[in-house]
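Listed below, chain by chain, are the residues.
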Amino acid sequence: MHFKSLTELKLALHKKEVSSHELVSHYLKRIERFNPQLNAFITVTGESALQEAQKADTLRARDPENAPPLLGLPMAHKDLFCTDGVKTSCASKMLDNFIAPYDATVVTKCRDTGLITLGKTNMDEFAMGSSNENSFYGPVLNPWNTDYVPGGSSGGSAAAVAAGLVPAATGTDTGGSIRQPAALCGLTGLKPTYGRVSRYGMVAFASSLDQGGPFAKSAEDVALLLNAMAGFDERDSTSLNVPVEDYTQHLNRSIAGLKIGLPKEYFSHVSGPMQKTLEEALKVLEKLGATLVEISLPHADLAIPTYYVLAPAECSSNLSRYDGVRYGYRCENPRDLNDLYLRSRGEGFGTEVKRRILIGTYVLSAGYYDAYYLQAQKTRQLIKQDFDEAFKKVDAIASPTTPTPAFKIGEKVSDPVTMYQCDIYTLALNLAGLPGLSMPAGFINGLPVGLQLMGHYMQESKLLNIAHQYQCHSDWHQQHPTAME
Amino acid sequence: MTTTKSEWESVIGLEVHVQLATKAKLFSGASAHYGAKPNSQACAVDLAFPGVLPVLNREVLTMAVRFGLSVNADIGKRSIFARKNYFYPDLPKGYQITQFEHPIVGRGTLPVITEDGRNLSIGITRAHLEEDAGKSLHDAFNSMTGVDLNRAGVPLLEIVSEPELRSAAEAVAYLKTLHALVGYLQICDGNLQEGSFRCDANVSVRKKGAPEFGTRAEIKNVNSFRFVEKAIEYEIARQIQVLEQGGTIVQETRLYDSAKNETRSMRSKENANDYRYFPDPDLLPVEVSQAFIDEVATTMPELPWQKRLRLQQEYALSEYDANVLTSNKALCDFFEEALAHTKASAKITANWVMGELSALLNKNNLDIEQSPISARALGGLLSHLADNIISGKIAKTVFEKMWSSGEEASVIIEREGLVQENDSAALEKVIDELMLANPSQLAEYRSGKDRLFGYFVGLVMKQTAGKANPAQVNELLKQKLAG
Numbered sequence: 001m002h003f004k005s006l007t008e009l010k011l012a013l014h015k016k017e018v019s020s021h022e023l024v025s026h027y028l029k030r031i032e033r034f035n036p037q038l039n040a041f042i043t044v045t046g047e048s049a050l051q052e053a054q055k056a057d058t059l060r061a062r063d064p065e066n067a068p069p070l071l072g073l074p075m076a077h078k079d080l081f082c083t084d085g086v087k088t089s090c091a092s093k094m095l096d097n098f099i100a101p102y103d104a105t106v107v108t109k110c111r112d113t114g115l116i117t118l119g120k121t122n123m124d125e126f127a128m129g130s131s132n133e134n135s136f137y138g139p140v141l142n143p144w145n146t147d148y149v150p151g152g153s154s155g156g157s158a159a160a161v162a163a164g165l166v167p168a169a170t171g172t173d174t175g176g177s178i179r180q181p182a183a184l185c186g187l188t189g190l191k192p193t194y195g196r197v198s199r200y201g202m203v204a205f206a207s208s209l210d211q212g213g214p215f216a217k218s219a220e221d222v223a224l225l226l227n228a229m230a231g232f233d234e235r236d237s238t239s240l241n242v243p244v245e246d247y248t249q250h251l252n253r254s255i256a257g258l259k260i261g262l263p264k265e266y267f268s269h270v271s272g273p274m275q276k277t278l279e280e281a282l283k284v285l286e287k288l289g290a291t292l293v294e295i296s297l298p299h300a301d302l303a304i305p306t307y308y309v310l311a312p313a314e315c316s317s318n319l320s321r322y323d324g325v326r327y328g329y330r331c332e333n334p335r336d337l338n339d340l341y342l343r344s345r346g347e348g349f350g351t352e353v354k355r356r357i358l359i360g361t362y363v364l365s366a367g368y369y370d371a372y373y374l375q376a377q378k379t380r381q382l383i384k385q386d387f388d389e390a391f392k393k394v395d396a397i398a399s400p401t402t403p404t405p406a407f408k409i410g411e412k413v414s415d416p417v418t419m420y421q422c423d424i425y426t427l428a429l430n431l432a433g434l435p436g437l438s439m440p441a442g443f444i445n446g447l448p449v450g451l452q453l454m455g456h457y458m459q460e461s462k463l464l465n466i467a468h469q470y471q472c473h474s475d476w477h478q479q480h481p482t483a484m485e
Numbered sequence: 486m487t488t489t490k491s492e493w494e495s496v497i498g499l500e501v502h503v504q505l506a507t508k509a510k511l512f513s514g515a516s517a518h519y520g521a522k523p524n525s526q527a528c529a530v531d532l533a534f535p536g537v538l539p540v541l542n543r544e545v546l547t548m549a550v551r552f553g554l555s556v557n558a559d560i561g562k563r564s565i566f567a568r569k570n571y572f573y574p575d576l577p578k579g580y581q582i583t584q585f586e587h588p589i590v591g592r593g594t595l596p597v598i599t600e601d602g603r604n605l606s607i608g609i610t611r612a613h614l615e616e617d618a619g620k621s622l623h624d625a626f627n628s629m630t631g632v633d634l635n636r637a638g639v640p641l642l643e644i645v646s647e648p649e650l651r652s653a654a655e656a657v658a659y660l661k662t663l664h665a666l667v668g669y670l671q672i673c674d675g676n677l678q679e680g681s682f683r684c685d686a687n688v689s690v691r692k693k694g695a696p697e698f699g700t701r702a703e704i705k706n707v708n709s710f711r712f713v714e715k716a717i718e719y720e721i722a723r724q725i726q727v728l729e730q731g732g733t734i735v736q737e738t739r740l741y742d743s744a745k746n747e748t749r750s751m752r753s754k755e756n757a758n759d760y761r762y763f764p765d766p767d768l769l770p771v772e773v774s775q776a777f778i779d780e781v782a783t784t785m786p787e788l789p790w791q792k793r794l795r796l797q798q799e800y801a802l803s804e805y806d807a808n809v810l811t812s813n814k815a816l817c818d819f820f821e822e823a824l825a826h827t828k829a830s831a832k833i834t835a836n837w838v839m840g841e842l843s844a845l846l847n848k849n850n851l852d853i854e855q856s857p858i859s860a861r862a863l864g865g866l867l868s869h870l871a872d873n874i875i876s877g878k879i880a881k882t883v884f885e886k887m888w889s890s891g892e893e894a895s896v897i898i899e900r901e902g903l904v905q906e907n908d909s910a911a912l913e914k915v916i917d918e919l920m921l922a923n924p925s926q927l928a929e930y931r932s933g934k935d936r937l938f939g940y941f942v943g944l945v946m947k948q949t950a951g952k953a954n955p956a957q958v959n960e961l962l963k964q965k966l967a968g
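Residue numbers (the working numbering), protein chains in the order written: chain A, 1 to 485; chain B, 486 to 968.
Bear in mind the hints are in silico, worked out from the structure with no lab data behind them. Here the structure is a predicted model, which is why all the values come from computation and not from measurement. Check each hint, because a few of them may be wrong.
A short, non-exhaustive set of chain A residues, derived as facing chain B with CB atoms under 8 Å [unchecked claim]:
id, residue
1, His21
2, Glu314
3, Val325
4, Leu364
Derived coverage of chain A by chain B (criterion: at least 3 residues anywhere in the stretch with Cβ under 8 Å from a Cβ of chain B; other residues may be distant) [said to hold, decoys possible]:
id, stretch
5, 97 to 105
6, 198 to 204
Even for Gly, the Cβ is constructed at its ideal location relative to N, Cα and C.
Chain A extracted, bound-state conformation (with noise of 0.2 Å):
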């Protein structure tokens, strides 16, 4: 029962084959059972499931007609979205003994669809990492080989569906952090346009790249999950004021006739088996009527350049709220208010985050904001126009999705520019504001591979179709790692 998908759930539940209360316990022990040595969650909210799961039986057997769409299905969310109530720490020393007042809007409007949090999970601290290493409360394992990572900063959402802890996640991607873990892990995961998710409730990273977005085993479960967290949100002045369209319409169209670009500069780098894993996933399109095309992302090699002025630099303005004086951590009995600022904040971030409040700090201050902060948002500009000139020939874009499977863990660590890099693949979409997705491409020695698609402005629909398809054509999506059974 639990590698099975979110719609395969959903109508089990509908067909009445299993109740809301069954599916919450049968998870409840998955994670029990296989979190110690995961570390997916950082905090589990069982009681208040099973309660939620009773009153969703009684609610669907009342009134089965307007049972709202997902009602009694098991999710969880990343320790980032804020749970009126329960700890949101952000796996930070920071925010250890944080409880928000609030739901943020993505919590709140998966409760109204009817699902159910089953607990918080692990991530990189305040979503900086690319491997989950960077955690107040330990690293995440890979459930596909307990030595590797799971990729990051959504690593704790991404394992645990993985592992069938749960059958769905949210996650947040400022720079590849729902769809790097998504390929790492083997599962589809989407980061919509830009605006399209609120951010509210949603803890900061960097602003103007934040987005959150589901993580499941299919395109088919992303789509109703999608439908259930898009939408505007008047307490997000960057929400998109436009109408969320269903985004299981279009699923089954046929792909035949679309255009798929292939950048070269993506390409460029790739070979050996990741090259031959990610052809075969092409020639999967193509079979279905997709024309492959090859195009160029001139400014591509900007991008982690870009990103890594821009993300600190809104990083280290919103991580300023955590200086011990009104929430979170606060130091043992402070001389002054330097002291009480210094060993804060020294002592409750980690040193990825400190890294990178540092950097923004820099190239924020006088005399280097012209030549840092300024030029970066020149060559974002660049690198949105190499969409928008794309788009124009082109559907949507396929590219791999990370330059290799999952590393080992510790493998990385002490070297942050070659840490940075597995992102290579997946920041130009968050500088462009657009939508991307990874789904499962194929495996090398037992490690899943992912196949990123992206897509132009409010395009979700379109590469969930492409995903769907290739998923009715595959079964990459359907394959789960047999120590987890």
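With chain A's structure known, arrange chain B on it following the hints.
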């Protein structure tokens, strides 16, 4: 003090923080009302909890545009909120949301009349929207600082002047004009004690005719017109003294201490914060359409300087009187209402409003809105005066009784029998009797002791219990005493 050294010229620019009179804060729904229990008006957004986001209170756009139009300024059709980053416990986010490169109001001008009647036109550099910080209470707790975040996020319009003011008196005249203006525009309650209208002054001095400005000091923490004047005067004198002794002025922020009447160094430029301004990614650029500006334009009230001209033209008031009356919208409204309900002339009405009424209000520390005598009631009193029903002297007595009892003038005049005696036959009879009763004084007067005229006036007024018409008394006495 400013002009003691005539070869020096002072250069002053002012930054005024005007608290906009909105119900809610700039970026949160919390109340912006003053005076609530500490931290009772601070929501999750004001407290900068993780994940919360700012949403602009669009009421402030109308207010900012009103101000911009009033000073004939360019309106920024696309203004941008930026973050000003610094750490302080009363700044919950660790940054203030303000406007930096693209303010909502650009260059404009403010017409100012100085106390000595000079007409100035002072450039407004810009005005931008920003949120206020909270308050740190350093004295309330033993060895600790208290933080009250009720004020955090309250909307401010920071109005920056060009460095075109040349004396403390000019600076005060500018401030008073601006203060009146924001009251007319109904965008600020103007309460100086509660900090609704705060001023920072940039002050420098230079040799007259020097092409460059001198190094400036910024004076903070001045919360009354009188203190602004004193602080600037002190600072000008200090800078001149430093320079004359061969020293140099350091660019710094100085704090005015009203108890000691001095400014003290707070922090120098070397220790100044690097605020790391950058556009706030949580907020979209603020678009203001021409249609919106046009709509605001149709709601503009008569501005103080327009009103001043009208008072001069319509009522033939002097520029001075018109300036005093228009310095406060409520005062001018009072004047015009009193005038609409009286037979007295505009000049007499203005004199009473600026004289007797203002004096009693000041003495009792009341605003014009709190006057126990209504404009209508004052008009009624002045009608009695204009109709010669009472004399000016009696009018003052009646005025005082109206102040304490709240009664209409006619009620008091009737009850107390204060109606003026205008019957000249009766008055002649009184005078004749008095002349007979005071033969020696009459003789002395007739022999040239003119000052005894007043003596006879006094006698007549005493005899008639002050009800005699003073003009009539004068005229008749002159005739009769002359013989």
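Okay, the hints, checked on the actual structure:
Annotation: interface hint on His21 of chain A violated; nearest CB of chain B at approximately 31 Å, more than 8 Å. For Glu314 of chain A, the suggested interface contact is upheld, since its CB lies about 6 Å from the closest CB of chain B, less than 8 Å. Checking Val325 of chain A against chain B: minimum C-beta separation of about 5 Å stays under 8 Å; hint holds. Here the hint on Leu364 of chain A is kept, as its CB sits about 4 Å from the closest CB of chain B, short of 8 Å.
Figure legend: the stretch 97 to 105 of chain A, annotated as covered by chain B; annotation consistent (5 residues with Cβ-Cβ distances under 8 Å, at least 3 required). Residues of the stretch 198 to 204 of chain A lying with their CB closer than 8 Å to a CB of chain B number 6, which satisfies the three-residue condition for coverage.
Comparing the model with each numbered hint stated earlier shows that hint 1 is the single one that does not hold.
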